[in-house]
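Protein chains: 2
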Amino acid sequence: MPSGTRATPSIAQVGEFAFLSRLLPSLPHTPGTLIGPGQDCAVIRGLTRELLLTVDALVDGVHYRPGWLAPRHIGRKSFLVNVSDIAAMGGRPRFCVVSLGVPRAYPARQLAAVERGIVAAASSCGTAVVGGNLTRAQALFVSIALLADAPRRRVTRQGARPGDRIYVTGTLGDAALAVRALSARRQPPSGARRRFAEPPLRLRAGQYLVEAGIVSAMIDVSDGLLQDLGHVCTQSRVGARVDASRIPVSATYRRALDADVALALSGGEDYELLCTVPERNVPKLERSAATLGCPITCIGEVVRGHSVRVRNADGRLRRGGATGYDHFRSPQG
Amino acid sequence: MPSGTRATPSIAQVGEFAFLSRLLPSLPHTPGTLIGPGQDCAVIRGLTRELLLTVDALVDGVHYRPGWLAPRHIGRKSFLVNVSDIAAMGGRPRFCVVSLGVPRAYPARQLAAVERGIVAAASSCGTAVVGGNLTRAQALFVSIALLADAPRRRVTRQGARPGDRIYVTGTLGDAALAVRALSARRQPPSGARRRFAEPPLRLRAGQYLVEAGIVSAMIDVSDGLLQDLGHVCTQSRVGARVDASRIPVSATYRRALDADVALALSGGEDYELLCTVPERNVPKLERSAATLGCPITCIGEVVRGHSVRVRNADGRLRRGGATGYDHFRSPQG
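As they're listed, the protein sequences go chains H and W. Using my numbering, the first residue of the first sequence is number 1, and each one after it goes up by one. Using my numbering, the first residue of the second sequence is number 1001, and each one after it goes up by one.
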């Protein structure tokens, strides 16, 4: 091999514009994209009058470490964590723009895989990637801003009332289980690793729970159940009581940790939906399990007060507090 | 002072949620913001049917080095580089979301200044900051996605035709002059430094040039005039001839470099508007100087072919080529 070349050229060797000129023609357009990437702005139309807008980022060395995620999964996950926010407000994602920071030595082929992961995940959610920005950075970051059609009803973190039941979709704790193993350089159970790499898609559930008027408040569980429930309580000016024995965990989780749900309560990165449901809506919710496309489990109830308490197996209540993930205070992740 | 504390606490000492809980109430809302920051998504309305969407990022160590920009200017500039893209398509910026990556040791007070810089710049452009994301990162990055009302006419990089005149707003080269001095650890002329810190606002000019139907193609000059003109030529399938003697430069630039416009031609970070104007629209353009809010100068013309050529003072034409900024190939910046 001649000196100065490599089997896998870096993004610096390929160059910003050459990379983009290969990438852009491969992007699928969706109806409503009048002008896609390659101009100063995208031009879009066909949205509802009310819109949802959100942004989230994945950073190398912060959200994952070398070897934890394949490039395609980095792309896929960066998109899906945004979708999770849209799902929590019952929206339909439509258009996104992607901001990439890339180290000079990053292999161009891997960057293309990151992009393909974003585009494939976006396409599977009916979303067009209509623009982006590519800049150099010390460590890879992928920041995606996502625009969605708003539902006709508005659900936030603020509507929970004492007496409402607290529900959560899917299962909790697997992603945190994977992170704990990976941080200790152990191989995580494959189910947990898959869950860390690929957040669940709760769009249909979120849309139904909002449009059918079932939920009084909703949030996506990204920083740990107790912390995100704490946000709902603070913003709704209520307290909550959670039953540890009812926390839904996967078979993988149970094999690894048996009945210890501490990690499921505070681990983070679940990207499930946490919602509060007035008692009168509970029968309707229980009947609509098939429509949601995922399990949904009652884990407790909203109470007067302002604290989140967990009832353990021994029947004792303990303060749940804000024990989840803080990007600057939490040691790992 | 007790050990373990500092005069200026870092973002890690303050914590993500404490920082945000102080910041969010200070954000001004604009009409159309139904739900601002603090929920999973913002809810917005009151936009036109066609929208513009763009994203751009500023990265510490890439777009600037320590001491080059005050925190407030980092915020301000991150917003204004996005506005420049909106201006180039004649839009009216309305809503933005901010994605921040912040090192653990970054002083919380400086981060608050970055935020204030963003919010002040946004407010001055009639734009609401409706959401954001705060994550840890090795080096500070600020990525902003900006949503704008689209104008009734659509202008892109694709409409230039042979015979069109080429115009540029304001002056070129000052930001590059500042970067060159700062990179060599010299003090740049104050005018140049100000220009690097504060991109010009060309919203009114962009809106008028598009809405009045004056321009056939437009782009913002961010990567250097010749390179950005090259994008217009490639996408319009034309060539261009630029007259070096007509490149508009500031008094600061002329004092520093006299008649040498090489840096003004390829330096980058000008954030001026470059447009092509069919000859029949030239009288209208010349009459509307006052409406634009900035000078606009004819620097050459669109020709058949596909190359960008520069006529130097000696009358000789040389190939302009793509000599501007590539994020991965250019050594500085």
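Just so you know, the hints here were simulated from the structure itself, not pulled from any lab data. Worth double-checking, as some hints may not be accurate.
Unchecked claim - Now the stretches of chain W that chain H is said to cover, found in silico as 3 or more residues with beta-carbon under 8 Å:
no., segment
1, 1011 to 1019
2, 1038 to 1051
3, 1236 to 1249
4, 1294 to 1308
Stated by the list, open to error - From the structure, some residues in chain W lie toward chain H, with a derived Cβ separation under 8 Å:
no., residue
5, 1055
6, 1120
7, 1220
Small disclaimer: the values here were computed from a predicted structure and weren't measured. From the three backbone atoms N, C-alpha and C, an ideal C-beta is built for every residue, glycine too.
Inset, instruction - Find the hints from earlier in the document that the structure breaks and name them by number, from lowest to highest. - result: Hint check: 3, 4 and 6 fail, others pass.
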